Every structure is written in C-alpha cells, then in structure tokens.
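Undergrad: Below, each chain spelled out in residue letters.
There are 4 protein chains.
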Amino acid sequence: MRKAGIVGAAGFTGAELMRLLQAHPDFELHAVTSDALAGTPVASVNPTFAGSGGLCFSAHDDARLFECDAVFLAVPHTVALDFAPRLLAHAVSVFDLSADYRLRDPDAYEKWYGKRHTSPELLVSAAFGLPELFPDGLLDAHRRCAQGEAVLVACAGCYPTASTLAAFPALQAGIVRPPVIIDAISGVTGAGKTANERTHFCFANESLEAYNIGKHRHTPEIEQILGLPGQVAFTPHLAPLNRGLLATVYLPLAHDAASLGGIEGIGQLYQDFYEGSPFVEVLGQGVLPKTASVAGSNRVHIGLALQEPANMLVAVSAIDNLCKGASGQAVQCANIVFGLAEDRGLAALACYV
Amino acid sequence: MRKAGIVGAAGFTGAELMRLLQAHPDFELHAVTSDALAGTPVASVNPTFAGSGGLCFSAHDDARLFECDAVFLAVPHTVALDFAPRLLAHAVSVFDLSADYRLRDPDAYEKWYGKRHTSPELLVSAAFGLPELFPDGLLDAHRRCAQGEAVLVACAGCYPTASTLAAFPALQAGIVRPPVIIDAISGVTGAGKTANERTHFCFANESLEAYNIGKHRHTPEIEQILGLPGQVAFTPHLAPLNRGLLATVYLPLAHDAASLGGIEGIGQLYQDFYEGSPFVEVLGQGVLPKTASVAGSNRVHIGLALQEPANMLVAVSAIDNLCKGASGQAVQCANIVFGLAEDRGLAALACYV
Amino acid sequence: MRKAGIVGAAGFTGAELMRLLQAHPDFELHAVTSDALAGTPVASVNPTFAGSGGLCFSAHDDARLFECDAVFLAVPHTVALDFAPRLLAHAVSVFDLSADYRLRDPDAYEKWYGKRHTSPELLVSAAFGLPELFPDGLLDAHRRCAQGEAVLVACAGCYPTASTLAAFPALQAGIVRPPVIIDAISGVTGAGKTANERTHFCFANESLEAYNIGKHRHTPEIEQILGLPGQVAFTPHLAPLNRGLLATVYLPLAHDAASLGGIEGIGQLYQDFYEGSPFVEVLGQGVLPKTASVAGSNRVHIGLALQEPANMLVAVSAIDNLCKGASGQAVQCANIVFGLAEDRGLAALACYV
Amino acid sequence: MRKAGIVGAAGFTGAELMRLLQAHPDFELHAVTSDALAGTPVASVNPTFAGSGGLCFSAHDDARLFECDAVFLAVPHTVALDFAPRLLAHAVSVFDLSADYRLRDPDAYEKWYGKRHTSPELLVSAAFGLPELFPDGLLDAHRRCAQGEAVLVACAGCYPTASTLAAFPALQAGIVRPPVIIDAISGVTGAGKTANERTHFCFANESLEAYNIGKHRHTPEIEQILGLPGQVAFTPHLAPLNRGLLATVYLPLAHDAASLGGIEGIGQLYQDFYEGSPFVEVLGQGVLPKTASVAGSNRVHIGLALQEPANMLVAVSAIDNLCKGASGQAVQCANIVFGLAEDRGLAALACYV
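Chains as they are written, first to last, in numbering that gives the first Met the number 0: chain U, 0 to 352; chain S, 0 to 352; chain G, 0 to 352; chain X, 0 to 352.
Chain U with its partners taken away, still in its complex shape (with noise of 0.2 Å):
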C-alpha cells in the first residue's frame, strides 16, 4: 500500500479524491488537509464517509504529507506553488490538479492566473497528466519514479479534459483546418464548493447560460494541448446538473468530407486512435454520448458527427468532470507514474440511471 496525502480535502475534487482513494487497492489515505477544518472527523463535514473509521482533516502543515508516497492537490491556483516543490523536496511525488504546472509558458501562467510564476523550473520537468494524448511524459514520471526520483504530473483540466479529447485524433491526422469553436456545457460541480449567488441552488436550477465568453482560464490550456495558438475559440455553458461535462467541438475539415472516406472513416481514424486507452469510447456511428453514461466514472465517451454543406467535422465528448476532468484523472496518472494498472480502483462503471 502507498501512502497517498490530499491538500485540500474538504473541495469538491478533494472529495472525490478521498472517495476514490478510499476503495483504491493500492493506495490508502495518510493525510487529508483542509486549513478551514483541521481536526474536524471527514465524516462530521461529508457524511459519505459516515461510519468508514475515524479519518480527520488535518492543517495544511500537516507533516505526514511528506511521509507519503503520492500527495495530490486539489487546491485553487497559487496554492499549489507552495505545496508543490517543498513535497518534491522531501521525495514526495506530486499529483496537481489546479493550473499551477499546465502552461509551459511562464509568461502566459502571469497573464491568465494574475502571479509570477515562483517554480518556473518545475514547468520543464512536469509531466502533463493526460495519459490519453501525452503518454511518453507520464512513462517516462514512471522511470523516474521508479527509479527513486519524486516527480510532478500537472493534470489537465475538465474543459480541457473533454475538449482535447473530441478534437486531437482529427488534428493529428491533418484533416482540420483551424480555427476550432468548443462550445462545452459543464454540471455545477464545475464551479466549485463556494457557496455564492451563482451556485444558488434556486439560481442555477432551471437555467442555461454561457459564461467568461473569449476570456475562461482553459482556452490557452486548450490551445497548448492541442498546439494551436489564438486559433481556439471557447465558450463554456453552466446547465443544472451535478456532475457532466458535454464538449462539442467544430472542426472544419481541411478536404471534402468523402475523400477521408466520410463519418466511416474518420471514425475509423478515432477508433484506431484511442485502440488501447481503458478509458476512452467512440461511440458507433449515429450515436452521441450523453454525460450520464460516463458520471461517477473516469470514461470518456467520442461521438461524431458531420455537419455536411458547412464540411464540419463535429466531434462531441462526454466525461465526469469531477472524475476524468479532475481526480480520476490524477489517479490514472497516478497509476500509470507507479507502475500500476491505468485503470486501477477506476474500473466502476457509471450508474445507468
């Protein structure tokens, strides 16, 4: 059993970290810090955990969490420019969840996140945590871990997550001409544990709406991904559910939808793609994913769709955004960085209803 710490256990991500840890074989709990609730029994704050041992959270500087194996961040940005180099100085591997390691660029963390960035080194020697599309950083965490080295794994974000997985296959394979538009809609989940007007229950019940139009957090982690600078146009969309996350990303396609052999083959293309990946589904021709096939779970489902006179490939995901949008994703990448199964503790299926 490794020892796993979460910073930040009382948030939404931290929760399901906990709940997911909790089950996983090959990891237990060591520590699980909230500032706000140090001392406080997990099961007193989220009842979930009612009746499963005496866990309690501990302060922030908490030093069991440099007894552990794996801590996993799940704090807001800034923070985890603390956390993150004194863990990887006591040889404590990192798994972070907030923005704090994703963009390469040190400049461009200063200009979308408001601080000089204090471990510009670290943006180097991250590995990127979407195993899907950048697995030769996070085998080569895994060498490095192996060999005693404590690494750092900068896990992609839900809206990234999602949108990156419906578009990088079509990309790759040189069939799109950019500009892309993603146009995502995301559960509540995705705006966090803050009590505030917004996450009202009354004011988010029964409402659509698109928010942070041009300027949300994700768009330069979504054109880094997917290496297309100013050509992403995002558009995120808050609907009244808890957790999903819906990507429906417009590729224009750069030739005639026939010559790529039509919907078949550029299914084919993705199908192909994702031969390997535990996670990902595309689903059969004709059929579109719906975010509650996959919640609770850390799958992805791709479905695909032609938008004919305007030659558009439309290609549009499904995942939890709590999950494979966040700490699922941390726990793939955290197997993968110590030699375990991709899918270990992550094979539960979603609840059909």
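The set of hints was computed from the structure by calculation and includes no laboratory data.
Since the model is a prediction, treat every value here as computed from it, not as a measurement.
Beta carbons: idealized from backbone N, C-alpha and C, even for Gly.
Fair warning: there could be bad hints in the mix.
Below, simulated DSS-like cross-link-like pairs (lysine-lysine); rule was C-alpha separation at most 25 Å, straight line [as the list claims (entries may be wrong)]:
| # | chain 1 | residue 1 | chain 2 | residue 2 |
| --- | --- | --- | --- | --- |
| 1 | U | Lys192 | U | Lys214 |
| 2 | U | Lys110 | U | Lys214 |
| 3 | S | Lys192 | X | Lys110 |
| 4 | U | Lys114 | U | Lys214 |
| 5 | G | Lys192 | U | Lys192 |
| 6 | X | Lys110 | X | Lys2 |
Here are a few chain S residues that face chain X, going by a calculated C-beta distance under 8 Å [what the hints assert, rightly or not]:
| # | residue |
| --- | --- |
| 7 | Ser124 |
| 8 | Val187 |
| 9 | Asn195 |
| 10 | Glu196 |
| 11 | Phe200 |
| 12 | Cys201 |
| 13 | Ala203 |
| 14 | Asn204 |
Keeping the supplied structure of chain U fixed, place chains S, G and X upon it in accordance with the hints.
TA: Below, chains S, G and X alone, put in the same frame as chain U:
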C-alpha cells in the same frame, strides 16, 4: 372579445396557449381540441385549470373552430396542412405553430418533412411569424385582416427564433463572414409531451447530450431566415430543465473587431436594431443572458462577446422555448394581426427564482 | 393607483412582491429598499427586470416609504419590529411577511425568536394574514383602513399556510382527535437567498432531507392557528426544486370514517368550507395535488384520502411557497384591506409544464 | 467465480444488478435477459456498458439461466411466479426483487396483487431478504445452500426497507405505542423505466406529490415486517431526483421520553441494534440523514429526533432505492447465502456531490 380556438390543446404548446389566452384581455377561448381527450374537462388533464370553469376538450372536427376569429394550430407537422386551408376558407385567421408553412420552398418541405406539401400556394401568402425580424409581412396581414380577410401566419420555431434574433443584426449589418455556427441548448419541454426514453425523467435528469447534429429540421428554417443556404452549422443539445432555450451563435467577423467599434460598437448596432421591440433586451456589456430570467415570459435576452484571437462575435440569446419560442410568439403575432398592442396579454415577467 | 413600498426587495419574497406588484393594476412600486444594494438598478441584480424601466433599490431609510399607502416588509424576523411601528405612525399600512407579528403571545415570540418583543401592543391589533381562515380580522382592517386608519397585517408563514388550510376544515368540524402530524416538503426557495452549504446547488440537488424536527419556528404558529397547543408534530423536509410546498397532514378521526360519510362526506365538508375562496380548490375524490400545478400562482390545491385501518384522514395541500406562502398572500391581504377584489393582480395560472 | 443470471436486466433494478455484479469479485454475469431486447448488445441500450465487452440480452427462456448459481429476478410482480419454481427445480438459487414471495399470506398476496399465488409452498420456505432485521432466515439459507440446496430469497421492497430499518429497533424495544405513521419520499427511479406522464421529465421535474395514500402495495409488507397489522399509515411521495428514498417514521412513545433516557438513550438503543451491520449507520445526535449521502451505495443512514410535546420519536432513514432498496440488497443477500462477506462488492461509498 375575439374568439380563439386551439387545435391540439393538450400538448405543451397548446397548454401554453391556453394559459396565455385565458388571461388575455382581448381573446376568449371558444374551442380547444384534442382528439384523444375529446369530451374531457381540461382541468382533469391539466390541473392548473382546476377551478377555472368547465372548459372541455372537443374533437378536432369541432365546428366551433369555424366560429373563431383566430385558430392556433398546436399540432405536429403535416397535421396543420389539414386545418389551415379549411379554416381560411371559413374566414378564420390561422396562427400555425407547426412547421408546415414556414419553408417557402415546397421541395425543401418535402425533403425535410417527408411529405408533399398540399397547399403550396399558401406558402406564398403566409406571413412569417417572427415579428422582430419580419414586421412587414405581419403588418400587411394586419391590413388584410382589418379588411375582413382571413390570414395565415407561419410562426417561427423555437431554435430559429432564438438563433436568428441573436445573429440577424450582425448579418444585416454586413459584418459577418459566413458560415455561422449555432450551438443551442433546450429544456425538455422542447422534446414535447410524448413519454419516451428520451423524455423520461431519469434519463433526461442529470445529463447533457447533443442530438440530430447536421440533420435537425430547424436548420433549413434558420438558413431561410438568415438568407444563408448551406452556411449554417446547427447543433441542438438537451439539458435537464423544463423551459429555456439558450443559443450561442458564433459569427466570424468580416473585419477586425476594432474597426467595428469593438464590442461597444457592435452592442450599439444591436441596441439600435431592437429599439422599439417590446420583448427583446440587449444586455449591457459583459452581461450574458440566463434562460431563467425569461422563463414563463415572452422576452428575449441577448448578450454579446468577442472571441478576440479568432475574431468572432459570439451572440447569445435566451428565450422560453414554449413562450417566445412557440405560443407567446403566436399570440404576439395575433396581437399584431388584430391591431392590438404587440405585448397585449404578454407583459408578465419571469419569476426571479 | 396606490403607492406600494417593499422593504427587503432584493430577497426572494421581495422579488416576488416586485413581480406581482409591477403587474398589479391598482398598485405602483414607489420604493423598493435593500440596504446592501442601495442605489443599484433592480435590473442589474434581477435580470427579469431588464428593460422594465429604471427602478433602483434605495436604502432602508428611504423617506419615500412614508409616502406609500402600503409597505410590504420582506425582511428577516426581528427586523420588522423596527419598521412596522414607524410606518404605522406615518399612516402607512403594513403587510409584514416576517414572523414578527404572527404569534399573539409575546413570551412565545421571545422563546422562539430569541428577542423580547418591542411592540407587543401591535400583536393585539394586527390582523392575521390568512384570509381563508381569518377573514373577519382582515375585513375589520378594511373598515379601519377605509376610515383612514393605517393597519398592520401579520401574514402567515409558508408551512402554516399550507398545513392549516389542509387541516382546518376537519378540525373545525370536530371530527379530529389530536394530535395531528404535519409532514411537509419545501422547495429550496424556502431556504432563502443566502448562499450556504445548504442552498448550494450541488448539495440540494439530487437529495432529500428532513430538518429542524421538533424545533421549527413555524410549529407555534401552526398550533396557534389550529388552536392545538402542544398537539402538533411538524416535520419539514427539503427537496430539489425551486418553488413548491406540499403538506401532508395526518388527522386521526374522532369517529369512524363511514359515520362521517366516508371520503365523499369529508370532501363535501371541505368543498363547503372553501366555497367562495377564489384561490383554494378541493380536488375531486381520488385526486391528489401536485405543487407544479400551483407554482407561480396564488392557488392552493387540496386532496383528501383515508388511511382506513388506522382511521385517519390524510389531507394534502400544495402551494407555491413564495406566492401563496408569502408574497401572493400579502398582496391578497392588501387587496382585501384596500377593498379590491381578493384576486386582483393574482389571477395568473401556473404553467402546465 | 459464481455464475449469475438476471431476468429483466433492461429495467432499472436489472441495470443496477448488472452494474454491481460486473464489478463483483465473486460473481460473473452469465445470462442477462430481456424479452423485448433479446439479441441486443447491452451497450447499445445501456451506454454505461460501452466498451465493456460484448454482453447481449437474451430471451427470458435462455437456458443458460439454469446453469447459474444465482438468478436475480428483476421483474414486475406476478412474473416472478413463473421463474422461481423452475429455477429452484434446476438447483438454481433465486433472489427475487419482485413482491411475489414477500407476503407470507397467500390471501394477502391475492388481495394486493390481484392474482392467486401459484407457489404458496415457497412462501413458507423463502428467506426474507432484509438482512439487518431477519438474519436468521438468511443464515439458514446459507446453510442449506452450502449443502447443495437451491434457496429462494424474497428481497424486501424499497419503502419497506427504509421504513422498517427506521422503526424496528424502537418497536422491538417495546417503547412504541402504535399506530405508526410512515411518510416517505422517493426519487423517480422508484417509478420504474416505463415512460408515461408520471415519469415524463417535465411533469416530475419541479414538482412534489403524494400518491397511493392508504393503498400502496408496500403497506402490507411493512405491516408484516413490523408485526403491526392495520397499525401502519403509510404515505409515499414523489420528488424530482433520480435515486434516493427518505422515510420519516413517527413512533408515538409508550412512555415519557425522559424515562427512556431521552434522545441519547434511544440513540444508544439504535446504535446497539445496528452494531455489526456493515451498511447501517445511526448518525450522531442532532444529525439527520440526506439521501445524497448514500446514493449509489448500499448504505443506510438513520437519524433520530423527538417531537417533545406530542411525545413522539421521529426516526428518519435514507437509502438509495435502487441499491439498498433493491439490487444492492439482493446482492447483499446473495453474499450471505453464498458465505461471502456481507459487503463483498458493495463497499463503494456515495459521491459527496
């Protein structure tokens, strides 16, 4: 008091027409038909009418329809073909909420709706029921009606209403370089009253999905309204709420945004366009619409934003799909045709929560 | 047009009062106050008012309140104590939606609300605002108002309204053997606009819970209305919807149900009791109410059933907690006090869906 | 690995059984039947299974059912009568999720389910599947099973499970004076997969209702479990969520609460009763359960409160109606019958949000 009839009063748009017309100061419900429920008190099916008098559904062949000043057809497509010519022949003005008289081209109708149009001559004379964009046809219908002629109004569909109100001012101003992408999300009332797996609570709840990509029947209607044949990529989505339709329209700009006065200049263009429209509100800069703010009302909220590097205008509109997207719009059209104030009986605001 | 003021207009019941009064043919909004939002346009906070003129929130000490004919207090308990005496002293009639003047006994007020009552003399003269059960006090207030006297109406709470309308006819008829059990479920608007973990979408959504068992502040109010001190067991629940309150009231019968004419006889008793009430509808035999059928309206639906072996009458009532349970009822009381038709401005029906 | 079959695998409880059993370390799915979908890949109907292998539905007469160690009957009542005797005759143990073998009295079965029972002898030998209250019957079934005998377990219904787990400890301790009142609320999965007006999203959403008062078929089952014939008043309600069942049980106390040690004493009584149950958690004093805290899990949370003046204990329990209320409980029973740990394959916690 003008006599109003509703054919198909048991469905969602029929019930919404009943709600609006029973409270309308200038119309009275004279006949409300439902073949399946003929003879049944409305209140026993629709308990919002409990205690509101003894209104009963009658059969579709109820002769009282021919005594009406206005009949609203809240029927599935192809069914309106049976009613409109007969009602007009009896000097009854017809407000058709179905798709049967929307497309000017009878071949397009046959292609998309699978039936040869049986009264193509009415496609020429019908006024298109989207008052903010096509006031002239409705004013002409008003003049003809005032002279004793029965008129036919083909009311616009829900997705076309929201989408084209968001796109039209920019297109008319010549600042857009097509194609345009329309990404829209509807509540489940848009799927109609038929109970099936799609509309089952447990499948629609806590889920998001896209559907009918590249083949939704509202596509040709949107293209006709915008004058952009083959230049519209339209993707509808379903989200777990009852009422509400949000359209996010991507309009690539023909010129640099700055040369158009930036978002302020474009906002002013929209403000000017909708000056005098009692129902359309162009929100202030930086404000995006929420469907809850218009639910239960006939209002339209439009917000504007720029996707800067991609040089796109994103226009987002929110409507209540059953009200402004269907029944409210039909009543609005009837108000115009009968020379009443456009917002007569339609002034109610949405609930804040 | 009578001038109306709202103190606490930014909350849920305040917003509902604004919605109702801006559409009321006999009232105009003269001052709407919110200390936190003084000077802010209503539309910038509450977008349902976008385009509805330049109404702004003013501070609680806005002197225009004293120019009003009626001021509605949509404030937390204990705050109304500050406003009611001063407004009355300025000859302004007051409709208090808070709990401050509901309990006749100042000691009970102190026990349940934790503050010594500062105007106990008004507890004697205040009319109780539940017109269907206490018409006499309101008619007396009308007479006093017609003679130029400012009056105070203590409007009933949401749970008491639904519960006692369901229980009262049977109790008054002497067919019940107390204690009575009231099991009620409310939508989340009942928890107010304050954003906290309880009202966070992700915690309220997809969950059910009971709360405040045996200690909810509406208990003494229900007992007072029903004249059953210590004989009411009241359990409120929270369910994931915005508006709606369902009260299921268990009334042990003093005699065999058959001797009371069975469910038909009891149903007739209820029908007779509510004869003439424009808002209360006793549903037909075997029909139980749904909150959706009254949401957004001032209506009350009551259904009746027997639990045969246990010889209990179960009376179920459905209301909209913000409308009939708060703001609509206050307007109904104002209508009566000012000699208007009881349903003036309140006739709108719920949406079918 | 034991071979498991599911009859009626396309319904909600069938799908939940598939979810649980495909992840169960000691069972493998050998045959999953659905007459309507025979020959169809599971994944094409239930997309949570996309990419999970080629499992197909077979017809109800699939002979592979007779090769199973355990067959779970997830069929409507009266249908299980056709399957149980035949499977037992083939030495297959049967876990019946329907109501067909729950009532000991065949006359009661006929009265409530409208059909003469065709295998009343099995009513005597069937173990009742509610392990926390009736462990002996299941342990006896385990012994018989271990000796090669096929056994029948009649799994308890959803409302009876939640209600009786809340009521039983107090009743067994003799501190209750019947009748007891059970007021319960279920999510819409409890209404099953059939699409009708009741389960239509737009009718179930944003509404609350009571139904089947005094005539719900779970009433005699609850009375049988509690040993209180004619002493239970049970009212089920429907609320807009997928999974979750909350039962609020009113238990009039036979003695003064203080003489019972107050809520602490009664809480201890419940704690002692459920000592050793892996799934039941009696929450701390003042804590009431939320269904979300157990959704997707087999857990039961129980909270206790007093209604002091009325001298009633209120016991509130929360379960997932599809899991502990149906499929999870059936697997729990199978674990016991086959000598596995009671929580084998059932240890997953609910999601926090």
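Undergrad: Each of the hints needs a verdict: does it hold here or not?
TA: Each hint tested on the structure:
1. U:Lys192 with U:Lys214: Measuring from Cα to Cα gives roughly 22 Å; hence the hint holds.
2. U:Lys110 with U:Lys214: holds (11 Å)
3. S:Lys192 with X:Lys110: This hinted pair is violated, its Cα atoms lying about 35 Å apart.
4. U:Lys114 with U:Lys214: Holds, at roughly 17 Å.
5. G:Lys192 with U:Lys192: holds (17 Å)
6. X:Lys110 with X:Lys2: violated (36 Å)
7. Ser124: violated (35 Å)
8. Val187: OK, holds: S:Val187 within 8 Å of chain X, min 4 Å.
9. Asn195: With a closest approach of 5 Å, the S:Asn195 hint holds.
10. Glu196: holds (6 Å)
11. Phe200: holds (4 Å)
12. Cys201: With a minimum Cβ separation of about 5 Å from chain X (threshold 8 Å), the hint on S:Cys201 holds.
13. Ala203: holds (4 Å)
14. Asn204: Constraint on S:Asn204 satisfied, holds at 6 Å.
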